[in-house]
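Colleague: Sequence:
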Amino acid sequence: MPPGGGPLYDLAFTHRSYAYERPEPGPHNERLEFLGDAILGAIVTGLIFDRYPSLAEGEMARLRSSVVNTIALADLARSLGVGAHIRLGKGEEASGGRDKPSLLADTFEALVGAAWLDRGMEEVRRALEPVFERRLSAHLAAGERYDVKTALQEVAVRERKAMPHYRVSSSGPDHDKRFRADVLVDDEILGAGVGRSKKEAELNAAREAIRILGSGEAQHRGGAQNGSEATDACAS
5 MPPGGGPLYD LAFTHRSYAY ERPEPGPHNE RLEFLGDAIL GAIVTGLIFD RYPSLAEGEM
65 ARLRSSVVNT IALADLARSL GVGAHIRLGK GEEASGGRDK PSLLADTFEA LVGAAWLDRG
125 MEEVRRALEP VFERRLSAHL AAGERYDVKT ALQEVAVRER KAMPHYRVSS SGPDHDKRFR
185 ADVLVDDEIL GAGVGRSKKE AELNAAREAI RILGSGEAQH RGGAQNGSEA TDACAS
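First residue of the sequence shown? That's 5 in this note's numbering, and the numbers climb one at a time after it.
It is worth saying that the hints were derived from the structure and are not from the lab. Each residue gets a CB set at the ideal place from its N, CA and C atoms; glycine is no exception. One or more hints might be untrue.
[Stated by the list, open to error] Taking CB as the label site, the calculated pair distances span:
no., residue 1, residue 2, range
1, Glu-28, His-169, 46 to 54 Å
2, Glu-192, Ala-88, 26 to 34 Å
3, Gly-85, Gly-30, 20 to 28 Å
4, Glu-127, Arg-26, 26 to 34 Å
5, Lys-181, Glu-127, 46 to 54 Å
Please take these sequences and the hints and turn them into a complete structure.
Modeller: Below is the structure:
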């Protein structure tokens, strides 16, 4: 990232839990995060489009998801020492928020947004493209089909010390079959997904589970809710 300092970068490091605990609640980094998410997506999408002209749309999307997801961005934030500088509220600090994947990833995106406002798109692009080009090349060179299922496996082992497993069912005629997948960690359903193939349904379920685990949400996801949502989607 381009070097920077001052109020804009202070804001990028300010989690809403910190802002809300002030005597007079102030601004936090969520608007910068929103901006940075869009900028990061545009930079990586453009990089993939330019460097890999033979990839189809779906392959480009899967490759992008291998480096732009909560777990990948959190690991990048850790490598840059971002966690040490985040301003957190007391409750978030006590719950281990400084190393929470979603919080680290969100802060990294906020820093991208701040750098874009401070330095402009071209300088941010020059700083980020080499980082993501190395990561993209590493995945392709290793022959990895890295997707959200792999990311979920990593975070499930890290956060729950357990491997995810999938429960898949299908409905509909052979020519228009729909698949439903529930992903379970410690026998708890954390995500549900549907799709026209088993793989698509499992990937959609894994995305939801990553969001739940990465955000540190404490509440269990009830099987009835997941089942009804997935069944409704299958029926549509």
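Colleague: Run every hint past the structure and note whether it holds.
Modeller: Quick rundown of the hints versus the structure:
1. Glu-28 <-> His-169: 46 to 54 Å: holds (48 Å)
2. Glu-192 <-> Ala-88: 26 to 34 Å: holds (32 Å)
3. Gly-85 <-> Gly-30: 20 to 28 Å: holds (24 Å)
4. Glu-127 <-> Arg-26: 26 to 34 Å: Once the Cβ atoms are compared, 32 Å apart, the range 26 to 34 Å for Arg-26 and Glu-127 holds.
5. Lys-181 <-> Glu-127: 46 to 54 Å: Given a distance of about 49 Å, which is inside 46 to 54 Å, the answer is holds.
Hint compliance for this structure: no hint is broken.
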